[in-house]
Each structure stands twice: as C-alpha cells, then as structure tokens.
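Listed in order, the protein sequences are those of chains A and B.
With the numbering used here applied, the first sequence covers 1 to 295.
With the numbering used here applied, the second sequence covers 296 to 726.
Errors might be hidden in some of the hints.
[As the list claims (entries may be wrong)] 25 Å max Cα-Cα, derived DMTMM-like pairs, lysine to aspartate or glutamate: (1) B:553 - A:47; (2) A:154 - B:334; (3) B:369 - A:70; (4) B:556 - A:63; (5) A:154 - B:380; (6) B:481 - A:240; (7) B:485 - A:240; (8) B:367 - A:240; (9) A:154 - B:679; (10) B:553 - B:613; (11) B:455 - B:432; (12) B:369 - A:241; (13) B:579 - A:63.
[Claimed, not checked] Covered, in the sense of this in silico footprint (three residues per stretch, anywhere, with C-beta under 8 Å from a C-beta of chain A), are these stretches of chain B: (14) 341-350; (15) 385-391; (16) 484-498.
Just so you know, the hints here were simulated from the structure itself, not pulled from any lab data.
Every residue gets a Cβ at the ideal spot worked out from N, C-alpha and C, and that includes glycine.
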Amino acid sequence: MKNSPRLSTLNNAGTMLLRILFAAVAAFPIVFMLVSSLKPDTQIFGDMSSAAAFLPVGNISFDNYAAVFDRVPAARFLINSIGISAVTVVLGIFINSLCAFALSRMEVRGKRVVFTVILATLIVPFQTLALPLVWWVNQLPYFELSGFSLEISKGWLDTYQVQIIPFIANAFSIYLYHQYFESIPKELDEAARIDGAGWFKIYRQVVMPLAGPATATVAILTFLPAWNSYLWPLMVVQSEELRPVMIGIQYFFQLNVSWGEVMAYASLITVPVVVLFIAFQKSFINSIASSGVKG
Amino acid sequence: MNKRFTRILATSITAAALVSSLGACGKGSASATSEGSNEITMWTHNAGNVEELAAIQGVVDAYNQSSDAKAKIKVQAFPQDSYNDSVVSAAAAGKLPCIVDIDGPNVPNWAWAKYLTPLKLSTDLSANLPSTVAKWEGETYAVGHYDVALAMLARASDLKAAGVRAATIEQPWTEDEFQDALTKLKALGKWEYPLDMGTAGSGEWLPYGYSPLLQSFGADLINRDGFQTADGVLNGDKAVEWAKWFRGLADQGFMATKSGKDSTQDFLNNKSGVLYTGSWAADKARASLGEDLVVMPTVDLGNGPKIGGASWQWGVTEGCANTDAAMDYLSYSLKPENMAAVAKATGTIPATEEAAALIPEFAEGGANRIFMDFSRKYAVMRPETPAYPFIATEYGKAVQDVLAGADPQGALDKAVKAIDANIKSNGGYKN
C-alpha cells in the first residue's frame with residue numbers, strides 16, 4: 001500500500017525535525033564553547049540559566065583570545081601539535097599499510113600468528129605501558145649533528161621524536177588496512193606480476209591507490225589521538241617549547257579559573273580537528289561502513 | 296594513480312626527514328643527569344599562573360645576575376594539575392632537576408621515595424610560619440615562600456538582613472551558631488543553597504578543605520602516633536559524627552552535594568550567601584564586593600576552628616649534581632624581599648613577619664592580615680607521613696561517598712581498611 005503524498009510529506013518533515021534535533025544536541029557543546037569564548041566570566045555564568053548561553057549577545061569581544069596568548073605559548077603549542085600529528089599520520093599510513101600488505105598479500109609462514117599477536121596488543125591499555133615505556137625511551141640512543149660531527153647520547157626524553165615514533169606502528173591501523181586489502185581482488189596482483197611488477201610495485205601502484213577510504217580512516221584515527229595526546233607528553237617532555245596543545249589546557253586551571261580563556265583555548269585547538277573531519281568525512285564514513293560490513 | 300602514489304611516498308620520505316630534523320632541533324634543555332655545574336634546572340608547578348611564575352622568574356633572574364651566584368638557574372614550568380605526574384615520570388627515568396617545588400603534604404612521600412635531600416640552608420627558618428617548613432623524621436626537606444588559609448566569605452549586608460552576627464577570630468561560629476546562621480540565611484529566600492562548600496572540587500581540595508572540619512570534630516586522618524593506622528581515628532565516633540554533620544548540610548538544603556565548578560564566581564554572582572574557600576579568593580571577592588565583604592574563620596565544631604597548613608614549597612633533589620648551588624639559590628630566595636615579591640604576586644600569606652611587613656595587605660592592619668592570623672592560630676599540618684598521598688585519595692573518596700549518600704560508618708571503614716593495608720604493604724613507610 002502506498003502512502004499518500006500528504007502522509008509522505010509529514011513523514012519527511014518529522015524525519016527532518018528529528019535530524020535537526022539530533023544535530024542541535026550534538027552542536028550545543030561546540031556552540032556553547034564558541035559563544036562563551038567571546039564573553040567575560042561573569043556573563044558566562046550569568047547567561048547559564050537562559051538561552052543567552054548559546055547566543056553571542058551582551059559584552060562580546062576577543063579579549064579571551066588575546067589573554068590566551070598571554071598565558072600560554074599557544075602558537076608554539078599549535079605548531080608542535082600540527083607537526084607531531086602530521087608526521088605521525090604520514091609515517092603511520094606508510095608503515096601500517098606496508099605491514100598490512102605483507103600480512104594480506106604475501107605468503108609468509110606464521111603470518112596468521114603475527115597478525116593475531118598484533119591484534120592482541122589492542123587489549124593492552126596504554127596506561128599500563130606508559131611508565132615502562134618512559135624507561136625504555138630513556139635508554140635509546142640519540143643522534144645529534146654538532147657541526148660536522150655526529151654526537152651520540154642516551155635518552156629520547158624531551159624531544160619531538162619521543163612524541164612521534166612510539167605511535168607510528170598501530171595495531172588498529174594495520175587491522176583496518178588488512179581488512180580493506182582483503183577486499184581487493186588478488187587477481188589484480190597476479191595481473192601486475194605477469195606485467196613484471198614486484199611486491200613493492202604492486203603495493204604502491206595497485207593496492208594502495210585502491211585503498212583511499214582506508215587511508216582516510218587511518219589518517220583520522222591516527223591524527224585524533226596524536227592531537228589529543230596528553231599523558232605521554234606530560235611524562236616525557238619537560239621543555240615548554242616542545243609541548244603539544246593538550247598540555248596547554250591545564251595552564252588555565254589555576255585557583256581562580258578564567259572560563260572565558262578556557263573556552264577560547266578550547267575553540268582554538270578544536271578548529272583543526274573539525275576542519276580535518278569535514279575534509280575527510282565522506283571517505284571516513286565510507287571506510288568505517290565498508291570495514292564494518294566486511295570485518 | 297602512479298603520480299598520486301609517488302606523491303604519498305614522497306610525503307612519507309619528507310616526513311621521515313622531518314622527524315630527523317625535528318629530532319635535531321627539538322632536543323629540550325638538559326635535565327638533571329646532564330646538568331653541568333654552571334646551570335641547574337628548577338621545576339615549578341606554575342605554568343599558566345602568570346603572576347606567580349613572573350615573580351619566581353624575577354627572583355631567579357636577580358640571583359643569576361648577582362655576582363655571588365654559584366650557578367645559573369633555569370626555570371621550567373609545568374601545569375599544576377599534572378605536575379606530580381611529570382615529577383614521578385622524571386624520577387622513574389632518573390631525570391629529576393636539581394630544584395623542585397612540592398605541595399607541602401607530599402614532602403614526606405618524596406623524601407621517603409628518595410626524590411629529595413635534606414636542606415642545608417644558610418637561612419634561619421625559625422621565624423617562618425611553621426606550616427611553611429616541611430620536616431620529616433627530624434630533617435627539613437622543603438621550605439615555602441608562603442602559605443594559604445581556609446576561611447568563609449560572606450556579604451555583611453546578607454548577614455545583617457538575616458540577623459546573624461559575623462564570626463570573628465576571637466569568637467568563631469560554633470556548630471549551633473552555624474546551623475542557626477544557615478537556617479536564617481536560607482529563610483531569606485535569596486539562594487537555593489545559602490552555603491557553598493566547594494563540593495564540586497576534586498583532588499587535593501577534598502582533604503585540604505574538609506579534613507580540618509573532621510579535625511575540628513576531634514577526629515583525624517590517621518593516628519599521628521607513629522602514623523601506622525587510621526583505625527579508630529578516621530572511622531571513630533567523632534569521624535562518623537563529622538560525616539553525618541557534613542551530609543546533613545546537604546540534606547537540610549543548606550549546600551549542594553555538587554556545587555558549581557567555580558564557587559568563587561558563583562558567590563560573586565550572588566548564587567550563595569556563605570562561601571567556604573581559601574585566602575586565594577579574597578582579593579577577587581574584595582575587588583567585587585568592596586566593604587560588603589566579610590572574611591570569617593571556619594566553624595568551631597568542638598575542638599576549635601582548624602585549617603590545613605602547608606602550601607607549595609621548594610626542595611632539592613637527591614640526584615642533584617650541584618647541591619651546593621641549589622641550596623645557595625634557595626637560601627637567596629628566602630630573603631624577605633623575595634618572599635614578599637612571590638606572596639604579593641599570588642595574594643598568599645608571606646612566610647615571615649619581615650616579608651609581611653613589606654606587603655601593605657599583610658602588614659599589621661592590612662586587609663589580608665587576618666589570613667596570617669588564621670594560619671598562626673588554626674593551621675594543622677596534614678599528616679607528615681609518606682602515606683599521605685594515599686590517605687588523601689582514600690579520604691577524598693570517602694567524602695564523595697558520604698556526599699553521594701553512602702552510610703558514613705561504612706564509607707569511613709572502607710577508607711581505613713584501604714589506608715591500613717597500604718601502610719602495611721609499604722612496610723609502614725619506614726625510612
């Protein structure tokens with residue numbers, strides 16, 4: 001039985017209304033953050049019990065943003081986080097896809113065991129590894145160019161690489177790539193092989209170009225924890241000039257907290273994440289959906 | 296396709312190169328183990344606290360420029376909430392700096408863990424507020440430039456409207472008077488809750504803010520005779536009485552079980568009539584309320600008003616390669632003018648009378664002098680035992696359980712059981 005056009009319009013309107021409602025619920029915290037970042041503290045608290053909390057009304061200014069840069073070297077922290085996250089993402093895509101490719105396409109004895117062991121690491125929470133890892137990274141050799149001579153010292157603490165290298169290899173990224181590569185017909189490899197391609201050529205010219213959605217997902221899933229990284233830099237970085245953005249948020253929690261500044265800083269560090277998600281959202285959703293079906 | 300992948304590969308190689316270059320340019324400053332004799336590092340919890348950090352940097356700069364300086368001091372600031380985690384990680388890696396600041400009650404724990412070495416200063420500390428000198432097992436391990444004090448803030452106009460007298464240091468409110476005051480203030484109908492006890496607070500606020508109330512009832516966090524058990528002290532009749540009283544404040548509608556995130560701001564926005572807070576809120580409140588602000592001592596719940604003693608202090612680490620210079624700097628930083636500079640920047644109570652005389656607000660007759668009097672008269676040190684951080688955590692959980700409606704005796708028994716087990720498993724925290 002077909003619905004009447006009137007009923008169908010009502011249904012559509014209802015669905016749309018529900019969507020708007022869900023979107024509004026999801027957007028409220030972000031709107032509140034952005035709006036509050038423009039208000040003085042007294043007004044933030046004063047507006048709290050009315051709809052004005054979500055509207056840029058009253059005493060609006062960019063004073064909180066100016067104060068953020070007085071309290072925190074925000075530009076430095078942002079540059080650090082962008083650099084650390086970008087390098088982690090790019091190297092993560094390369095290393096994890098290579099690993100997944102080997103596990104998916106190559107006939108290597110024991111690869112199932114290796115894959116299982118890699119997956120098993122997913123159940124170990126990082127917090128349990130953090131302190132031993134601090135000890136380990138402090139034992140690693142450090143190479144530094146001093147003029148024309150190469151100096152070797154011990155310990156990676158208080159460096160950029162200690163914030164990057166431990167997070168390049170990622171079991172979940174390997175799993176995502178592996179699942180995606182499994183969906184790419186192996187006949188393509190064989191055809192390429194007949195044309196004289198080696199493993200690396202197959203990887204870079206056949207498989208990877210078809211794995212765009214997986215790459216987008218891995219990019220986002222690697223970027224987010226790198227951007228949000230808090231515990232690890234707290235433990236391994238002492239110099240202010242090397243700190244990432246998330247450590248900066250703690251700068252605001254003094255005895256008398258300036259909530260307007262907190263909101264301004266939170267807005268500043270949220271923008272890059274939102275931009276990244278908007279840029280990749282189609283591929284991200286595609287990949288999550290497809291790996292969910294196939295996984 | 297080929298070009299696309301080549302681009303990805305090229306980007307990866309660039310990224311790898313970037314890691315190397317970041318590594319080359321991104322090595323932070325030297326830590327303790329690599330510190331030379333001419334530069335030593337000092338860690339502080341003041342990142343983001345612009346005023347205090349500037350004051351400390353000022354003292355350091357003056358020392359560095361003095362001809363008697365035994366080393367150049369380099370300041371590294373960390374955010375307060377995560378400062379202890381940074382120190383513990385650095386200690387695990389053997390990378391502690393020479394000088395650290397420490398929240399006073401944690402000093403015995405850090406001394407027991409061999410993070411700190413006993414101080415050997417050229418400064419006489421006998422005139423300092425007792426709560427600014429941290430001792431453990433007869434040795435002084437840390438010394439502070441200042442202390443803070445708990446107090447209650449109210450508006451004189453509200454008290455007058457309710458017909459309630461303002462508590463004074465000579466005559467604090469008794470438990471009954473407090474009950475009466477809250478009943479009358481609530482009857483004014485101005486606030487949903489007339490009292491804000493900062494119940495949304497967490498971490499060290501819970502033991503710092505609420506254990507003095509427990510102590511005023513006659514209980515304590517631990518039996519201070521040997522610091523080996525909390526049994527009978529933290530879960531005895533007096534402690535249960537405290538817990539019931541505390542929960543009763545919420546049950547009677549005097550305070551919220553979870554206050555707003557910023558109690559001071561709520562008080563200034565007239566969302567509460569009496570604010571239980573510390574000296575750090577006074578300047579902001581005075582700027583907003585002016586003459587209408589009343590600063591009162593905490594309530595006498597049977598054993599006199601009590602407030603927590605000890606704030607942030609300075610110590611020297613055991614692995615410091617230049618202890619002599621570190622001690623020299625600390626002695627220098629304890630000059631009255633230096634202590635006054637830090638206390639003035641932070642609105643805290645200067646550690647000595649000499650320093651107080653340099654700050655009009657804390658000199659005799661000054662608006663904040665009352666906090667110095669509170670500190671001298673009411674301060675109780677939090678238990679000077681290495682078990683303190685664990686005790687503080689367990690007590691904090693008990694406070695939250697009581698506020699959430701748990702059986703007071705059960706909540707305190709649980710805390711005692713955990714504390715006693717911890718002390719036992721650490722061999723009694725013997726040195």
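Right, here's what the structure says about each hint:
The suggested pairing of residue 553 of chain B with residue 47 of chain A holds, with an alpha-carbon distance near 20 Å, which does not exceed 25 Å. Restraint check: the Cα-Cα separation between residue 154 of chain A and residue 334 of chain B comes to about 20 Å, which is no more than 25 Å; the hinted pair holds. Annotation: proposed proximity of residue 369 of chain B to residue 70 of chain A holds, straight-line Cα distance about 21 Å (limit 25 Å). Between residue 556 of chain B and residue 63 of chain A the CA atoms are separated by roughly 22 Å; this keeps the pair inside 25 Å, and the hint holds.
The straight-line distance between the Cα atoms of residue 154 of chain A and residue 380 of chain B is roughly 22 Å, inside the 25 Å bound, and the hint therefore holds. Of the pairs offered as hints, the one joining residue 481 of chain B and residue 240 of chain A is violated, with about 48 Å between alpha carbons and a cut-off of 25 Å exceeded. Of the pairs offered as hints, the one joining residue 485 of chain B and residue 240 of chain A is violated, with about 46 Å between alpha carbons and a cut-off of 25 Å exceeded. The hinted pair formed by residue 367 of chain B and residue 240 of chain A meets the criterion: a straight-line CA distance of about 19 Å does not exceed 25 Å.
With a C-alpha separation of about 37 Å, the suggested pair residue 154 of chain A and residue 679 of chain B falls outside the 25 Å cut-off, and the hint is violated. Between residue 553 of chain B and residue 613 of chain B the CA atoms are separated by roughly 41 Å; this puts the pair beyond 25 Å, and the hint is violated. With a CA separation close to 49 Å, the supplied pair residue 455 of chain B and residue 432 of chain B exceeds the 25 Å bound. A hinted pair counts as satisfied when its Cα atoms are at most 25 Å apart, and residue 369 of chain B with residue 241 of chain A qualifies at roughly 14 Å.
Taking the CA atoms of residue 579 of chain B and residue 63 of chain A, the gap is near 19 Å; set against the 25 Å cutoff, the hint holds. Only when three residues or more bring their CB closer than 8 Å to a CB of chain A does the claim for the region 341-350 of chain B stand; here the count is 4, and the claim holds. Coverage of the region 385-391 of chain B by chain A holds. Counting CB-CB distances below 8 Å, 5 residues qualify, and the rule asks for three or more. Given as covered by chain A, the region 484-498 of chain B fails the check, having 0 residues with a CB less than 8 Å from a CB of that chain where 3 are the minimum.
Consistency note: the structure conflicts with the earlier hints numbered 6, 7, 9, 10, 11 and 16.
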